[in-house]
Amino acid sequence: MPLIGALPQPITSAPLVFFVYLVLILLIGSALATVLLRNTLYAVGAFAASMVLVALLYLAIAPFLLVALQLLVFTTVSAVLLIGLLRATTGLRTSSVGRLSPEWIIGGAVSAILFALLALVLGASSWPVQPCCAIQESFGGVLANTYAVGLAVLAVIVASAALGSGLMLIGPTRPSPRGGGERSGRR
Amino acid sequence: MSAGLNLLLVASAALFAVGVFGVVARRSAVVMLLGTQFMFMAGALAFVAFARFGLGAQHGRAGATTALFAGAVAVAELAVGLAMAALIYREHRSFALDADRG
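Line by line, the protein sequences give chains S and X.
Take the first sequence: its position 38, counting from 1, is numbered 38 in my numbering, and each next residue is one higher.
Take the second sequence: its position 47, counting from 1, is numbered 47 in my numbering, and each next residue is one higher.
Excised from the complex, chain S in its bound form (with noise of 0.2 Å):
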């Protein structure tokens, strides 16, 4: 349920903590698995999981309209871009480069020191919190009205990438170059 409007104090029933905390692990989990995982398949499928997730913590703490918007627009056409993207070539091959490479150790250690240096920026930081004001118009009114222009522009950006998915998917399919793909489309 949106819980947007109430008031701007952190969430305390039991079970909407516990589905906070638990898509929260899965979401860094799988976030993990996308960017770890050698096969460039089982890395799609993890990316995928995490654009749902996001759209179920969504669910606690944002409109309905972005978890929709979440869920069917930008899962959807991501999932069938990459989709295409290894249909249209083959992309199924693991990684020439193996763990504890060079690349691994210094992407690992930019990483941990730009996390440590926001977490120092969070816990350093008082966020103002304060009671929240009059609940102004739903989200799809804000849009609509306040947006308008960015809408339009975002529906055409959308409209084009979904355009550019489906050209990619009713291409045809490359054979691989390991001989394992089938040629699906006319020469």
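What the hints contain is simulated information worked out from the structure, not anything from laboratory work.
Note that the Cβ used here is the ideal one computed from N, Cα and C, for glycine as well.
Be aware that one or more of the hints could be misleading.
[As the list claims (entries may be wrong)] Rough simulated footprint, nothing fancy, chain X against chain S, three-plus residues with beta-carbon under 8 Å: (1) 13 to 20; (2) 23 to 37; (3) 106 to 117; (4) 138 to 147.
For chain S, the structure is supplied; the task is to place chain X on it using the hints.
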């Protein structure tokens, strides 16, 4: 036990760090693009968290709206990036960005 602004901001920071790892450590164009997607996702999550728990709650739906725009931009970036990845694959038969090193 509660779930508030700090929890979501820490999760957002962790998600951003994971995305940075994907961009820095991996050579595959696809995984690097997915890393940038996680960074977009982290920013959108922070916007939504501030809109729900912070001062952003005073400004109605601005945080969620920004998250919506960030999501659309992320999808568009993914579309352009994947088209580039497809071109890289056709040229080198690999998604590795340094495939021309031999």
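Hints, verified against the model:
no. : hint       : result
1   : 13 to 20   : holds (count 4)
2   : 23 to 37   : holds (count 7)
3   : 106 to 117 : holds (count 8)
4   : 138 to 147 : holds (count 6)
Going down the numbered hints, you'll see the structure goes against none, and every one checks out.
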